[in-house]
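Colleague: Protein chains in written order, with the working numbering: chain C, 1 to 117; chain Y, 1 to 113.
Please keep in mind that the hints were generated in silico from the structure rather than gathered at the bench.
Here the structure is a predicted model, which means the values were calculated and not measured.
Not one of these hints is a red herring.
In silico SDA-like pairs for lysine to any residue, Cα to Cα no more than 25 angstroms straight-line: (1) Y:7 x C:39; (2) C:77 x C:67; (3) C:49 x C:75; (4) C:22 x C:9; (5) C:49 x Y:106; (6) C:49 x C:61; (7) C:49 x Y:30; (8) Y:7 x C:45; (9) C:49 x C:70; (10) C:49 x C:20; (11) C:58 x Y:100; (12) C:77 x C:10; (13) C:58 x Y:1; (14) C:77 x Y:100; (15) C:116 x Y:40; (16) Y:7 x Y:45; (17) C:58 x C:73; (18) Y:7 x Y:82; (19) C:77 x Y:1; (20) C:49 x Y:41; (21) Y:65 x Y:81; (22) C:77 x C:14; (23) C:22 x Y:100; (24) Y:7 x C:40; (25) C:69 x Y:101; (26) C:49 x C:2; (27) C:58 x C:71; (28) C:77 x C:39; (29) Y:7 x C:43; (30) Y:7 x C:88; (31) C:49 x Y:45; (32) C:49 x Y:42; (33) Y:7 x C:87; (34) C:116 x C:82; (35) C:49 x Y:97; (36) C:22 x Y:40; (37) C:49 x Y:3; (38) C:77 x Y:103.
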Amino acid sequence: AQSVAQPEDQVNVAEGNPLTVKCTYSVSGNPYLFWYVQYPNRGLQFLLKYITGDNLVKGSYGFEAEFNKSQTSFHLKKPSALVSDSALYFCAVRVPMNNNAGNMLTFGGGTRLMVKP
Amino acid sequence: SAVISQKPSRDICQRGTSLTIQCQVDSQVTMMFWYRQQPGQSLTLIATANQGSEATYESGFVIDKFPISRPNLTFSTLTVSNMSPEDSSIYLCSVVWGHYEQYFGPGTRLTVT
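Here chain C stands alone, though its shape is the one from the complex (with noise of 0.2 angstroms):
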């Protein structure tokens, strides 16, 4: 069974400071990463993702993130956060299979991003 952990329910940061919202994994074989932002009162926003190839993949709104094999981590960073940054971040994982099984994300718990003035 495939399992998501991001162990901060919340994360503090200053604007202009740098950010990571942290997020370890579980799963059997090679997965692929999500991460996906919700602002209040509106659906998922797909921020980016890791399928193969380089380990620091760049995604939307100058969100970044870094895959760690051997930690089997994939943290969501950003170089300078901005107060619009502040909403819900879930990390999610997929193994791909040839079922219905390998189509489907697990997310995590979900960890709330407040970026103060």
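Got chain C sorted already, so can you dock chain Y onto it with the hints?
Modeller: Only chain Y this time, still in chain C's reference frame:
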């Protein structure tokens, strides 16, 4: 990317009644998913809906409670039946786009009183 719309965006319903949520995609997709997000919680997969076959439900979810239709490649409905306050959640439909990416609708916020 796929653009997904849901109706209604929110509703307040009385216990014991049923609500049908509609999901429309602007492109044909093979697989559609329905998720539930309870207040302050993460997303939990309810079922996978493929066109032309019965939906596949995850553990803890049954067809009698959450019947799903998938009449074509751009549309699906989820019904929440015999509702109780515990069903108060955001319900989201989702599609896989291409090989990797999964997109979500804006969600339907359901409150059961």
